[in-house]
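Peer 1: Assemble the complex: chain P is given as a structure, and chain U must be docked to it using the hints.
Going down the list, the protein sequences come from chains P and U. Quick note on numbering: our numbering labels position 7 of the first sequence as 7, and the sequence is numbered without any gaps. Quick note on numbering: our numbering labels position 3 of the second sequence as 3, and the sequence is numbered without any gaps.
Treat the hints as calculated values from the structure; they're not laboratory data. A portion of the hints provided could be inaccurate.
Claimed, not checked - Derived DMTMM-like pairs (lysine to aspartate or glutamate); straight-line CA-CA distance at most 25 Å:
| id | chain 1 | residue 1 | chain 2 | residue 2 |
| --- | --- | --- | --- | --- |
| 1 | U | Lys110 | P | Asp73 |
| 2 | U | Lys98 | P | Glu59 |
| 3 | U | Lys36 | P | Glu59 |
| 4 | U | Lys36 | P | Glu79 |
| 5 | U | Lys98 | P | Glu72 |
| 6 | U | Lys70 | U | Glu15 |
| 7 | U | Lys70 | U | Glu54 |
Letter by letter, the chains look like this.
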Amino acid sequence: NAGVTQTPKFRILKIGQSMTLQCTQDMNHNYMYWYRQDPGMGLKLIYYSVGAGITDKGEVPNGYNVSRSTTEDFPLRLELAAPSQTSVYFCASSFTPGGGSPLHFGNGTRLTVT
Amino acid sequence: GQQVMQIPQYQHVQEGEDFTTYCNSSTTLSNIQWYKQRPGGHPVFLIQLVKSGEVKKQKRLTFQFGEAKKNSSLHITATQTTDVGTYFCAGTSSNTGKLIFGQGTTLQVKP
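The shape of chain P in the complex, shown without the other chains (with noise of 0.2 Å):
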């Protein structure tokens, strides 16, 4: 049982690129999320989904963009990429939404802009 899986683990992209995160969940959970995670700022949410072509926009969304074609994945869209988003980033997904239930995290991908 693989979990939540993320593609790619680590990546370096110049300033005003673009890039796809991937991640993709075997569990069968409506509830998915993004994070970035900025040193000593703990875990900020930059969109969320609730279901196959449902998604909405979290704390921090700007810059960013995702879609939700099946249940299984929700990659994340950087557009123009800017070094604020020099970052970490988590995907997670959960059986119901909230705290109702454990979030299960991806192993990360470790984004540099330069």
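Peer 2: Same frame as chain P, now just chain U:
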């Protein structure tokens, strides 16, 4: 907006000493979760507390949820080097249903 504050931000202890991290919310929580993140790793769920005044134990770890459901603590007895990492609380707002993470407490254990 709702905030979940966690203190201290960092803690260095000698192996065998106890450790406590505190989590405080500006609003009432319907539940609180705790996660552990090893250096270079991802957050891993430890436990969830739901009831006012609830206390749960996992071996050397003791978790408490305050009577007013606005604060929580994690206490580790006799720390070991395997306890190194960052501990996060995450509370669900009773008002909004949204899950908010604290900033985390990073624990270093000197052998």
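Peer 1: Compare the structure with each hint and give your call.
Peer 2: Hint-by-hint comparison with the structure:
1. Of the pairs offered as hints, the one joining Lys110/U and Asp73/P is violated, with about 41 Å between alpha carbons and a cut-off of 25 Å exceeded.
2. Under the criterion of a C-alpha separation no larger than 25 Å, the hint pairing Lys98/U with Glu59/P is consistent with the structure, at around 11 Å.
3. Distance check on the hinted pair: Lys36/U and Glu59/P sit about 22 Å apart at the alpha-carbon level, within 25 Å; holds.
4. As the CA atoms of Lys36/U and Glu79/P are separated by approximately 31 Å, the hinted pair breaks the 25 Å bound.
5. Distance restraint check for Lys98/U and Glu72/P: the Cα-Cα separation of roughly 22 Å lies within the 25 Å cut-off, and the hinted pair is therefore satisfied.
6. Straight-line distance between C-alpha atoms of Lys70/U and Glu15/U comes to about 31 Å, which puts the hinted pair past the 25 Å bound.
7. For the suggested pair Lys70/U and Glu54/U, the alpha carbons sit about 12 Å apart, so the restraint of at most 25 Å is met.
Violated hints for the displayed structure, listed by number in ascending order: 1, 4 and 6.
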